[in-house]
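Listed in order, the protein sequences are those of chains A and B.
Each residue of the first sequence is one higher than the last, beginning at 400 in the numbering used here.
Each residue of the second sequence is one higher than the last, beginning at 400 in the numbering used here.
Cut-off 35 Å, straight-line C-alpha distance, at most; resulting in silico cross-link-like pairs (DSBU-like, lysine-lysine): (1) A:K451 - B:K493; (2) A:K493 - B:K451; (3) B:K450 - A:K493.
Partner residues are not named here, just some residues of chain A that face chain B (Cβ under 7 Å, in silico): (4) R410; (5) F412; (6) L416; (7) A417; (8) G424; (9) T441; (10) D445; (11) G550; (12) L555; (13) L565; (14) D568; (15) I609.
Calculated directly from the structure, the hints in this document are not laboratory data.
For every residue, glycine included, the Cβ atom is placed at its ideal position computed from N, Cα and C.
There are 2 protein chains.
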Amino acid sequence: MSDELQNRPVRQFLDELASGAPTPGGGSVAALTGALAAGLLTMVCDLTIGKKAYAAFEDEARVIRARAEALRAELQSFLQADVEVFGGLMAAYKLPKATEAEASARNAEIQIATRSATEVPLRTARAAAALLPLCEPLARRGSRNAVSDVGVAAQLIRAAVPSALLNVDINLPALEDTAFVEQARAQAAELTGGLDQRVGEVLAIVRERIAG
Amino acid sequence: MSDELQNRPVRQFLDELASGAPTPGGGSVAALTGALAAGLLTMVCDLTIGKKAYAAFEDEARVIRARAEALRAELQSFLQADVEVFGGLMAAYKLPKATEAEASARNAEIQIATRSATEVPLRTARAAAALLPLCEPLARRGSRNAVSDVGVAAQLIRAAVPSALLNVDINLPALEDTAFVEQARAQAAELTGGLDQRVGEVLAIVRERIAG
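With the rest of the complex left out, here is chain A (with noise of 0.2 Å):
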């Protein structure tokens, strides 16, 4: 689909971004971020595998490659579903509620719409917390000439996961289905807790492998 936003220049991405549509926006951004990580892991991999000094690791960044890789696939997917729930999401609203019947049926569409507009940001979140366990074993014995590299995807991923659950935030008060807004609250703990001090830990190692 020529339309996509992946189809986009860069420069025009960020143009579309900045301008007063309501798309893409935060939810757009966070999977690209995820992305951006997952891309920057994969060079550190590329970097990596089939140079004599890391041929001990060569296997495990085989591995750690195919896996960010197969993140980075999801994560641009979502790139391009996040603005297409968000449209579903206005078309809901925008349904006419004149009588009592389609007052129901709008609400049904928008608690639909609303719960899909959920979901894709969580899933955002869970693929790009995905990407954090690649990020310690690739700091610690892939190539040093890229170890700040793994750093940045860190960074990316500390700031894509609480991103996307922003976007999870904002949907749920409209939720009537409490056991789901449950559980989505519970996934998003579970996501966030000790992200930071992982991340902490792979800069500290990256650090200390530019240090030495």
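Position chain B against the provided structure of chain A, taking the given hints into account.
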């Protein structure tokens, strides 16, 4: 220049980032992260300006918008500048060093190129940090519908500043100009000092407005 990184489709930018080519790398990603934050802040201004409910904040929102756009332009230029200074650095390292005169000329070039490769991420960090004071008034008084986007921008700023500075740190050990190195370290310390706390304050305002 059609070869500019910014003219690449987002998808291609991510593919090139993920490739084993050393650029684009963490420096360009730090600049892009800052530009994404700036774009979100401009978007929130555009969703605020012209709305009756935010009329009292409109003049300030216009000032914030102009500042965000100026910083976005600067950050977008660093996306490409980072690739160019890295290219200059690689070229300097490839200079001949067979004779003493060659080795001395090569070292002089390396010093110049490393300094440039340090200045670009330092300016990136400074521009990204300059976005932070724009967040608090926007979070507090900008459109409530877009307040989560201010939160995302704040998270991105917190990622962009130290990410850019990692690209400063990795270059400093090669520099012989100790006065420049000390100055760079002092600037880096100034840019990161209190960053987490100030981002936390913005996020607290964002969460308060989402909840209430």
